[in-house]
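Peer 1: Sequence:
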Amino acid sequence: LSNESLAHRPARNWPSAGAIVFEKLQLRYRENLECVLKGVSAVIRPAEKVGIVGRTGAGKSSLTLALFRIVEPCSGRILIDGEDITKLPLYDLRSNLTIVPQDPVIFSGTLRMNLDPFGIFDDATIWHALKVAHLASFVLSFSNKLEHQLSEGGENIRYGVGPKAVVENINLVTV
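Residue numbers for the sequence shown, in the UniProt record's numbering: 1 to 175.
To be clear, the hints were calculated from the coordinates, so they are not data collected in a lab. Glycine included, C-beta positions come from ideal geometry on N, C-alpha and C. Watch out, some of these pointers could steer you wrong.
Said to hold, decoys possible - For lysine-lysine, the following BS3-like pairs were computed, each having C-alpha atoms within a straight-line distance of at most 27 Å:
#: 1; residue 1: K49; residue 2: K60
#: 2; residue 1: K24; residue 2: K49
#: 3; residue 1: K38; residue 2: K60
#: 4; residue 1: K49; residue 2: K131
#: 5; residue 1: K145; residue 2: K131
#: 6; residue 1: K60; residue 2: K87
#: 7; residue 1: K87; residue 2: K38
#: 8; residue 1: K87; residue 2: K49
#: 9; residue 1: K49; residue 2: K38
#: 10; residue 1: K38; residue 2: K24
#: 11; residue 1: K87; residue 2: K24
#: 12; residue 1: K24; residue 2: K60
Claimed, not checked - Derived DEER-like restraints, expressed as beta-carbon distance ranges:
#: 13; residue 1: V100; residue 2: S137; range: 18 to 24 Å
#: 14; residue 1: K49; residue 2: Y91; range: 25 to 31 Å
#: 15; residue 1: R9; residue 2: K49; range: 26 to 32 Å
#: 16; residue 1: N156; residue 2: R45; range: 37 to 43 Å
Just need the whole structure built from these sequences, with the hints factored in.
Peer 2: This is the structure we're talking about:
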């Protein structure tokens with residue numbers, strides 16, 4: 001039996017708070033290789049913003065790979081709102097986490113399409129997200145507002161604006 005068939009579904013509103021606990025986490029990329037994470041323990045409280053810094057090879061990216069279960073821990077565990085993530089179906093885990101890349105992808109199309117690619121949010125929700133991200137006045141400066149055409153890569157907007165606003169209903173974001 002695979003881990004996926006043994007997994008249980010989290011509550012419908014999971015994660016509701018976004019608390020993350022790393023308990024004595026050890027991680028290696030393949031069997032017979034040295035651990036890249038050795039006994040990592042940390043608590044990240046809901047709504048807490050945490051920066052993880054370190055030299056190249058210190059394990060920063062490995063923590064993200066472990067959070068998304070791209071690499072499974074060899075010991076220890078990660079809890080999100082009390083749920084051991086190794087017990088969850090991958091779809092449930094990954095659809096409730098978000099990565100905001102340092103170099104965001106901006107598609108050729110409208111600003112609205114880039115913010116809400118599946119077209120599921122109304123204008124009020126999109127404008128609320130823009131206000132929270134302190135981008136509403138920037139978008140209001142465009143004559144077409146949300147229908148402003150973006151060039152591929154966002155070459156026709158200021159650098160640093162792209163990664164601030166993505167309309168999602170997700171509690172955990174990793175950059």
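Peer 1: Does the hinted range 26 to 32 Å hold for R9 and K49 at CB?
Peer 2: holds (29 Å)
Peer 1: K38 and K24 were given as a pair; does the straight-line alpha-carbon distance stay at or below 27 Å?
Peer 2: holds (7 Å)
Peer 1: With a cut-off of 27 Å on the C-alpha distance, tell me whether K87 and K38 pass.
Peer 2: Satisfied, since the Cα-Cα distance of roughly 21 Å is no more than 27 Å.
Peer 1: For the pair supplied as a hint, K87 and K24, is the alpha-carbon distance within the 27 Å limit?
Peer 2: Measuring from Cα to Cα gives roughly 17 Å; hence the hint holds.
Peer 1: Next pair to validate is K87 with K49; report whether the Cα-Cα distance is within 27 Å.
Peer 2: Measuring from Cα to Cα gives roughly 26 Å; hence the hint holds.
Peer 1: Verify the proposed pairing of K49 with K60, using a straight-line Cα cut of 27 Å.
Peer 2: holds (15 Å)
Peer 1: Would the pair K38 and K60 pass a check requiring their Cα atoms to be no farther apart than 27 Å?
Peer 2: It holds: about 13 Å lies between the C-alpha atoms, which stays within 27 Å.
Peer 1: Do the Cβ positions of V100 and S137 conform to the proposed distance bound of 18 to 24 Å?
Peer 2: Roughly 21 Å apart at Cβ, these two residues keep to the hinted range, so it holds.
Peer 1: For a C-alpha distance cap of 27 Å, please report whether K49 and K131 respect it.
Peer 2: Holds, at about 19 Å.
Peer 1: At the C-beta level, are N156 and R45 separated by a distance inside 37 to 43 Å?
Peer 2: holds (39 Å)
Peer 1: Are K60 and K87 close enough, with their CA atoms no more than 27 Å apart?
Peer 2: Within the cut-off at roughly 23 Å; holds.
Peer 1: Against the 27 Å threshold, does the CA-CA distance of K145 and K131 hold or violate the hint?
Peer 2: holds (14 Å)
In terms of the numbered hints stated before, the structure departs from none.
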